[in-house]
Amino acid sequence: MVKLEQLQKHYNTFSLDCTLQVPPGRITGLVGQNGAGKTTVFKALLGLIRPDGGSIQLLGKPLEQIHQEDRQQLGVAWSDSGFSGYLTVENIIPILEQLYSRFDKPFFVEQLQKWELPIHKRIKEFSTGMKAKLKTLIAISHHAKLLILDEPTAGLDVVARDELLDLLRDYMQQDDSRSILISSHISSDLESICDDIYMIDQGRIVLHEDTDILLGDYVFLKMSPEQYEQVDKQYLLRCQKESYGYCCLTNQRQFYQENYPAVVIEKSSIDKVITMIIRGERL
Amino acid sequence: MKGLLCKDFMLLKEQKFSLLLIFAIALGMTAFSASPSFVIGYFSFIGGSFTLSTISYDEADNGNAFLFSLPISRKEYTREKYLLGLTLGGGCWLFSSVFAVLAGFLQGHDISDIFFTAVFMFPSLLVLLSIMLPLHLKFGGEKGRTAIIIVMGILFFTILSVGKVLQAAQIQLSFPSTPAANGVVVLLAFLLAGLCVLLLSYQISAAIMKRKEF
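Chains as they are written, first to last, in the numbering used here: chain Y, 1 to 283; chain P, 1001 to 1214.
Bound-form chain Y, shown alone (with noise of 0.2 Å):
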């Protein structure tokens, strides 16, 4: 669905090297900190900026050959751009309707109203959370067959957070062969609902993995000095100095877990990765 190869993008204070990959069926995160790319990486995949070096393929296509009927396929949501605020959800439809010759008027108007979405008022009297349910409900109300979506939970509650992934759990039942390629910033959000996760930081790829992988495998190990310099070392990826000797990120639990059982092991979390992965020591 998606191929990014050592897409290159450079800008005065911030240059983007990225290789990445959305398989048909698949959901994949892009996880970093806020300025770590991710947008950047959304524009240059929808053509919206022009790469410095690089390939792009989107949809089994080279990007210049992406043509609108082509575009018809993509249902996009970004965090910052949407239609314009003077114009009503009322005024959306008839537009939605002209773009996308397989819009889904009942199914976006159900949606409207199970959301509470007023359709006289202007989009931008909207509140955060409206204008982000908005966003996702635009993008995906056309049976598109690839998703992109720049962080469509930023602003949201709790509640509205569970709705709107489950929406999109529901759009990829419906179809094996759909994809959606999501990022955030709040990596939890994206725990419960992608297949693999990669990590941005400054424009870099520096980690891609299976979600279950890396809840399952991905552990701290918390050591004493003592233990840390008896350790094998060849699986720890960062590791951070700490008051009481040494944090280390390994993904490889089993083996320090059956050779090392003196060693405590912690469970992972996607953000204590990220800080890990960012802030940690190569070795």
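None of the hints are false.
When the alpha-carbon atoms are kept at most 20 Å apart in a straight line, the in silico DMTMM-like pairs for lysine to aspartate or glutamate are as follows:
{"no.": "1", "chain 1": "P", "residue 1": "LYS1016", "chain 2": "Y", "residue 2": "GLU90"}
{"no.": "2", "chain 1": "Y", "residue 1": "LYS124", "chain 2": "P", "residue 2": "GLU1059"}
{"no.": "3", "chain 1": "Y", "residue 1": "LYS124", "chain 2": "P", "residue 2": "GLU1014"}
{"no.": "4", "chain 1": "Y", "residue 1": "LYS145", "chain 2": "Y", "residue 2": "ASP196"}
{"no.": "5", "chain 1": "P", "residue 1": "LYS1013", "chain 2": "Y", "residue 2": "GLU125"}
Simulated from the structure, these hints should not be mistaken for laboratory data.
Once you have looked at the hints, place chain P on chain Y.
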């Protein structure tokens, strides 16, 4: 294209108060002005420049990033803006021309003068759109507005000067045996020049949009 036009008309619908106000001013000006032909220029240009406000709406809050993620090509977007400009400007031109001729007739003015102004105003509208659209697409709302003010000033003086020259020419033209035919030739030349400028302007705008990053 239909989707974009639909969006822009929806946006214009939201500005209906401004549109009605301009209509009212135009009607008032025609009814009470000693020169009803002035309203043709005023109304046509204001109508055409409403296209620029739709570009500003598109740009606001980084809206272009979303817009160009939809099934819309940059070329199509550019074409739509020109079509919208012609529709709005042309519509206002037609409406105001008919209205000015009628008002002129009722007020006892020389209708041929008003008619001549009306026909001359159309290529001027094309030139105005040709200048303003690429400027607005290139520089955006803020700087674009400054450019509009400058262009309006230049255009005002140009029209004034050309009008005077034509007026003088008409006096001379009344002398030869085929004055009407000469007038038509001049107008056709203006119209052709306007269309050429518009075509060139579209090419420039398409190139601007092609290079733009959002």
